[in-house]
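These are the residues of each chain, in order.
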Amino acid sequence: MNDSELLRRLNSSRVPAPRPEFLENLPSRVRTGLRSQRSASSAGGEGAWNWLQPVTFTVAAAACVALALVLGYGVPKKSEDAFALLKSPSLLREVMGMFPNRVRAIEEDASGIQLVLSDREDVPASTPIWVSICDGKKCSAFVTFSGQELQIAKEKVEVLVDAQDRVILMGNRFVWSSGEPNRPVGHLRIQARPLAYAL
Amino acid sequence: MGASDEEKDWVIASRTGDPAAIEALIAFYQRMLYSLTIRMTGSVADAEDLTQETFIHAFQQIGQFRGESSFGSWLYRIAVNKCLNWKKRERRRGEIHAEWSKNLDSGDAEKSVENEQIQEALLKLHPKQRAAIVLTIFQQLSHAEAARILKCSETTVSWRVFSAKSKLRRWLEAGGVKS
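From first to last, the protein sequence lines are chains H and U.
With my numbering applied, the first sequence covers 1 to 199.
With my numbering applied, the second sequence covers 1001 to 1179.
In short, the hints are calculated from the structure, not lab data.
Treat the hints with caution; some may be incorrect.
Quick look at which bits of chain U chain H covers, simulated, 3 or more residues with Cβ under 8 Å [as the list claims (entries may be wrong)]:
| id | region |
| --- | --- |
| 1 | 1019–1032 |
| 2 | 1160–1171 |
Derived PhoX-like pairs: lysine-lysine, alpha-carbon spacing no greater than 25 Å straight-line [what the hints assert, rightly or not]:
| id | chain 1 | residue 1 | chain 2 | residue 2 |
| --- | --- | --- | --- | --- |
| 3 | H | Lys154 | U | Lys1128 |
| 4 | H | Lys156 | U | Lys1082 |
| 5 | H | Lys138 | H | Lys154 |
| 6 | H | Lys138 | H | Lys156 |
| 7 | U | Lys1124 | H | Lys156 |
| 8 | U | Lys1087 | H | Lys156 |
| 9 | U | Lys1167 | U | Lys1124 |
| 10 | H | Lys138 | H | Lys87 |
| 11 | U | Lys1082 | U | Lys1128 |
| 12 | H | Lys156 | U | Lys1128 |
| 13 | U | Lys1111 | U | Lys1165 |
| 14 | U | Lys1151 | H | Lys154 |
| 15 | U | Lys1087 | H | Lys154 |
| 16 | U | Lys1082 | U | Lys1151 |
| 17 | U | Lys1082 | H | Lys154 |
| 18 | U | Lys1167 | U | Lys1128 |
| 19 | H | Lys137 | H | Lys156 |
| 20 | U | Lys1151 | U | Lys1165 |
A virtual CB, placed ideally from N, CA and C, is assigned to each residue, including glycine.
Could you put the whole structure together from the sequences, leaning on the hints where they help?
Listed below in structure tokens is the structure:
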């Protein structure tokens, strides 16, 4: 095959065209992404401590839901069982009921609880996964689902569960598995497991 | 990739967050970016995500765009970097076939196979060679323009294109990429 034949074959090959709904929704999704980036940076992200830059992020709904739920369930006692509220099955069921197939993650840190929502109902139902990450004394925790992405130390990390219910966090520069929980990831301490309740 | 006066006005307005200007730039460049990202990843879903992320990154960092290159070149550079950092998820060989046959109606079974073989061969290339091929052959940029986007010398681009073509030729002559 000479060069011109190769070029002819390459140039005549086709790729799937962009979906009309993708093109139609792209400007609004970019605007939403820009707003969420501005919200995240104005909240005082500290260098490598930059949690969750989701595709979409409904701040207003998250704040309202977080406030309503905290008032309804009481203030979590971090000195006792940290993140007890986040682990509560009733919290997750309530949130999932309000936003079916849209909840990418629920995060709790020192500033409270936040929701990370998809702008489409494209989050498949699956066993919720608990992830907690501590950098020194600062800890955050998430409830999320297999296939979703978190941002950990400036890196996009995919959360997966294998057939043995081991949670795997897969980023560009590190991989962590609940099968080897003590494997160090820089200065981070990570715990993760599927939550033992159905929704 | 020369910029029209209208595009320059959009870029200036987008620095102030003008939604109409941002939307105009997205409408103008979305297909260009999508065609780059689908060739770099072979995945419709990843191409959509990377296109979206490229625009978000570009408008977030619009203050850093000095106009030394065209806005299109700048978008290409951001998109290529995102594609080079893209982590290919573990995929079964059949996924390209399933996704492409669903989204691409070539109407000709033999052509469908050829389309998939070519994409699988592209994905087999080293990412930087793939980027050089995609920019120069599929996006029709000169080696000089590709070099500015990839931040390397024109000679490096030429060498990557030469190496990539040799591999593609060998793989396609053998009837596609063997797993």
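- Message: Check the hint pairing H/Lys137 with H/Lys156 against an upper bound of 25 Å on the C-alpha distance.
- Response: Since the Cα atoms of H/Lys137 and H/Lys156 sit roughly 22 Å apart, the hinted pair holds (cutoff 25 Å).
- Query: Can the restraint linking U/Lys1151 and H/Lys154 be considered satisfied, given a maximum Cα separation of 25 Å?
  - Reply: 23 Å, holds
- Mind taking a look at whether chain H covers the region 1019–1032 of chain U? Criterion is 3 or more residues with CB to CB distance under 8 Å. With 7 residues in contact (Cβ-Cβ under 8 Å with chain H), the coverage given for the region 1019–1032 of chain U holds.
- Item | U/Lys1111 paired with U/Lys1165 [C-alpha distance capped at 25 Å] | 20 Å, holds
- Query: Under the criterion that the straight-line Cα-Cα distance not exceed 25 Å, is the pair H/Lys138, H/Lys87 satisfied?
  - Reply: Given that 25 Å is the threshold and the Cα spacing comes to 18 Å, the pair holds.
- Item | Within 8 Å of chain H's CB atoms, at least three CB atoms from the region 1160–1171 of chain U: coverage verdict | holds (count 3)
- Task: Could you grab the alpha-carbon distance between H/Lys154 and U/Lys1128 and see if it respects the 25 Å cut-off?
- Result: 23 Å, holds
- Message: Against the 25 Å threshold, does the CA-CA distance of U/Lys1167 and U/Lys1128 hold or violate the hint?
- Response: Holds - the C-alpha atoms of U/Lys1128 and U/Lys1167 are around 14 Å apart, at most 25 Å.
- Hey, U/Lys1082 versus U/Lys1128, does the alpha-carbon distance stay inside 25 Å? 12 Å, holds
- Pair hint outcome, U/Lys1167 versus U/Lys1124 [Cα-Cα no greater than 25 Å]: 9 Å, holds
- Message: Run the distance test for U/Lys1082 versus U/Lys1151: straight-line Cα separation, threshold 25 Å.
- Response: 14 Å, holds
- Task: Assess, step by step, whether the Cα of H/Lys138 is no farther than 25 Å from the Cα of H/Lys154, and give holds or violated.
- Result: 16 Å, holds
Violated hints for the displayed structure: none, as all numbered hints are satisfied.
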